[in-house]
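Trainee: Letter by letter, the chains look like this.
There are 2 protein chains.
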Amino acid sequence: IIVAANKILAERRSTPVARLIKRPLLGRHVLVTSGPTHEPIDPVRYIANRSSGKQGHAIARAAAGLGARVTLVTGPVALPDPQGVDVVHVETAQEMFRAVERNLPADVAVFAAAVADWRTAAEAQQKLKKSGDKPSLDLVENPDILGNVGKLRSGRPLLVIGFAAETANVAGEAARKRKSKGADWIVANDVSAPTGTFGGDSNTVRLVTADSAEDWPPLSKDEVALRLMQRAAEHLGRGAAAAE
Amino acid sequence: IIVAANKILAERRSTPVARLIKRPLLGRHVLVTSGPTHEPIDPVRYIANRSSGKQGHAIARAAAGLGARVTLVTGPVALPDPQGVDVVHVETAQEMFRAVERNLPADVAVFAAAVADWRTAAEAQQKLKKSGDKPSLDLVENPDILGNVGKLRSGRPLLVIGFAAETANVAGEAARKRKSKGADWIVANDVSAPTGTFGGDSNTVRLVTADSAEDWPPLSKDEVALRLMQRAAEHLGRGAAAAE
Chain D
44 IIVAANKILA
54 ERRSTPVARL
64 IKRPLLGRHV
74 LVTSGPTHEP
84 IDPVRYIANR
94 SSGKQGHAIA
104 RAAAGLGARV
114 TLVTGPVALP
124 DPQGVDVVHV
134 ETAQEMFRAV
144 ERNLPADVAV
154 FAAAVADWRT
164 AAEAQQKLKK
174 SGDKPSLDLV
184 ENPDILGNVG
194 KLRSGRPLLV
204 IGFAAETANV
214 AGEAARKRKS
224 KGADWIVAND
234 VSAPTGTFGG
244 DSNTVRLVTA
254 DSAEDWPPLS
264 KDEVALRLMQ
274 RAAEHLGRGA
284 AAAE
Chain L
44 IIVAANKILA
54 ERRSTPVARL
64 IKRPLLGRHV
74 LVTSGPTHEP
84 IDPVRYIANR
94 SSGKQGHAIA
104 RAAAGLGARV
114 TLVTGPVALP
124 DPQGVDVVHV
134 ETAQEMFRAV
144 ERNLPADVAV
154 FAAAVADWRT
164 AAEAQQKLKK
174 SGDKPSLDLV
184 ENPDILGNVG
194 KLRSGRPLLV
204 IGFAAETANV
214 AGEAARKRKS
224 KGADWIVAND
234 VSAPTGTFGG
244 DSNTVRLVTA
254 DSAEDWPPLS
264 KDEVALRLMQ
274 RAAEHLGRGA
284 AAAE
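Keeping their order, the protein sequence lines are chains D and L.
Start counting the first sequence at 44; every next residue gets the next number (the numbering used here).
Start counting the second sequence at 44; every next residue gets the next number (the numbering used here).
Any given hint could turn out to be false.
Stated by the list, open to error - Pairs of lysine to any residue residues, derived as SDA-like cross-links and limited to a Cα-Cα distance of at most 25 Å, are as follows:
{"hint": "1", "chain 1": "L", "residue 1": "K170", "chain 2": "D", "residue 2": "Q273"}
{"hint": "2", "chain 1": "L", "residue 1": "K170", "chain 2": "D", "residue 2": "A164"}
{"hint": "3", "chain 1": "D", "residue 1": "K222", "chain 2": "D", "residue 2": "Q273"}
{"hint": "4", "chain 1": "L", "residue 1": "K172", "chain 2": "D", "residue 2": "L147"}
What the hints assert, rightly or not - Restraint ranges, calculated between C-beta atoms of paired labels, are given here:
{"hint": "5", "chain 1": "L", "residue 1": "E184", "chain 2": "D", "residue 2": "Q169", "range": "16 to 22 Å"}
{"hint": "6", "chain 1": "D", "residue 1": "E166", "chain 2": "L", "residue 2": "E134", "range": "56 to 62 Å"}
{"hint": "7", "chain 1": "D", "residue 1": "E166", "chain 2": "L", "residue 2": "R196", "range": "37 to 43 Å"}
{"hint": "8", "chain 1": "L", "residue 1": "A218", "chain 2": "D", "residue 2": "G127", "range": "39 to 45 Å"}
{"hint": "9", "chain 1": "L", "residue 1": "W259", "chain 2": "D", "residue 2": "D85", "range": "21 to 27 Å"}
{"hint": "10", "chain 1": "L", "residue 1": "R274", "chain 2": "D", "residue 2": "A165", "range": "23 to 29 Å"}
{"hint": "11", "chain 1": "L", "residue 1": "S263", "chain 2": "D", "residue 2": "G243", "range": "32 to 38 Å"}
{"hint": "12", "chain 1": "L", "residue 1": "E134", "chain 2": "D", "residue 2": "T238", "range": "16 to 22 Å"}
Unchecked claim - Derived, one-sided and incomplete: chain D residues facing chain L with beta-carbon distance under 7 Å:
{"hint": "13", "residue": "P86"}
{"hint": "14", "residue": "R88"}
{"hint": "15", "residue": "Y89"}
{"hint": "16", "residue": "A91"}
{"hint": "17", "residue": "A121"}
{"hint": "18", "residue": "L122"}
{"hint": "19", "residue": "Q126"}
{"hint": "20", "residue": "V128"}
{"hint": "21", "residue": "L180"}
{"hint": "22", "residue": "D181"}
{"hint": "23", "residue": "N185"}
{"hint": "24", "residue": "A218"}
{"hint": "25", "residue": "K222"}
The set of hints was computed from the structure by calculation and includes no laboratory data.
Built from N, CA and C at the ideal position, the CB exists for glycine as well.
Assemble the whole structure, with the sequences as input and the hints as a guide.
Mentor: This is the structure we're talking about:
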């Protein structure tokens, strides 16, 4: 009986372990935002940004490949929906925020979208016309999606990862952003035009955590995504081990 | 000798005539603008509009199909370059204006692009940061490409065609725009969201000329393009006949 019981226990142990080696995010829910947001000015004009969504979509694919159930909340991009991923299409920052709230809880939340910081104070109902006046657009701040989720008191994801797309002082801004947003990790990169990061297929990032900052070599966005999700799986694994 | 001469003359006449039936824009240069323009706010943000470029690109294809040499000046679109057309890619209204100037003279100029009326007064060199202030964007008017070409004193195209994308009072705005811009024809359409014109494959237009206004039935953008270029060819043919 003892032999049989040990055998059953061994089988029970080995099966999930073997599975976890290849699919370490099995049973986890990963929420990813991707792409730009578009903030309407009037029925035909909007404020946009140069995010292609390639990095965020790659993270969603990588997480799914590692076994996670993945929800991808994406702004307007020219990319196909990744297979095996629940995709929610949004246009504005406010819509993205609501979609994120609706799709929590998650074990890991990755905010890779380039969310517009501002929207126009009032969207015009008709197309704005030229006039003699020098026009100006009044802007108001959009909801801070990363900051809101990072500081959740209940239902906060185990791991909250933000992105910092900077054009100057990348390292300093990333460390500052990690603290101010309540994020666990910040993936920082330089998106100034000469780097070709926005729209391009490769990315040179710095991963800032509570106790380290690592500069990763230039990698494809797929490789950045896979490394990041493997690290996320290790982090969750350590958390589970520590809790036992 | 007379018989031989007549035969040669007949051949000379019949060949171009036969050719002109199928390729009535042969020997003509048609300049077309298409797509939106993007006006940078800072290194990552810009103001855009919902033009897909489908109508403008269709016009370039139709003109080439009717035998014209075609120059297409296009803003950022997700469309392939039409075959057999010289394509100039631009991003901002100012770049589009310079590309149009460089590619004149033309027999026909079609301004189908949705050019941004305004650009930011000063593009920020670094990414703008959130601050406690309520921000606003100061805007300045962009060059009026249609108006400038419509009012050219020398080297004006024989036929200047503008587009009026309106969300209200389409007929009134089109007639006003035709006069104020010095255009020969205005192709007016309603681009309010329910019509699905922006981004869609069909278009319901009103052609406003000096002495008529025609409402065309709903047509594909390719059909609108072909009709418009056939009408342009007829117009040029009448002009050539009148000049003889």
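Trainee: Take the hints in turn and mark each one as holding or not.
Mentor: Structure-based check of each hint:
no.: 1; hint: L/K170 to D/Q273; verdict: violated (31 Å)
no.: 2; hint: L/K170 to D/A164; verdict: holds (20 Å)
no.: 3; hint: D/K222 to D/Q273; verdict: holds (23 Å)
no.: 4; hint: L/K172 to D/L147; verdict: violated (28 Å)
no.: 5; hint: L/E184 to D/Q169: 16 to 22 Å; verdict: holds (19 Å)
no.: 6; hint: D/E166 to L/E134: 56 to 62 Å; verdict: violated (24 Å)
no.: 7; hint: D/E166 to L/R196: 37 to 43 Å; verdict: holds (41 Å)
no.: 8; hint: L/A218 to D/G127: 39 to 45 Å; verdict: violated (54 Å)
no.: 9; hint: L/W259 to D/D85: 21 to 27 Å; verdict: holds (26 Å)
no.: 10; hint: L/R274 to D/A165: 23 to 29 Å; verdict: violated (41 Å)
no.: 11; hint: L/S263 to D/G243: 32 to 38 Å; verdict: holds (35 Å)
no.: 12; hint: L/E134 to D/T238: 16 to 22 Å; verdict: holds (18 Å)
no.: 13; hint: P86; verdict: holds (5 Å)
no.: 14; hint: R88; verdict: holds (5 Å)
no.: 15; hint: Y89; verdict: holds (6 Å)
no.: 16; hint: A91; verdict: holds (5 Å)
no.: 17; hint: A121; verdict: holds (5 Å)
no.: 18; hint: L122; verdict: violated (11 Å)
no.: 19; hint: Q126; verdict: violated (21 Å)
no.: 20; hint: V128; verdict: violated (22 Å)
no.: 21; hint: L180; verdict: holds (4 Å)
no.: 22; hint: D181; verdict: holds (5 Å)
no.: 23; hint: N185; verdict: violated (9 Å)
no.: 24; hint: A218; verdict: violated (15 Å)
no.: 25; hint: K222; verdict: violated (15 Å)
When each numbered hint is compared with the structure, violations occur for hints 1, 4, 6, 8, 10, 18, 19, 20, 23, 24, 25.
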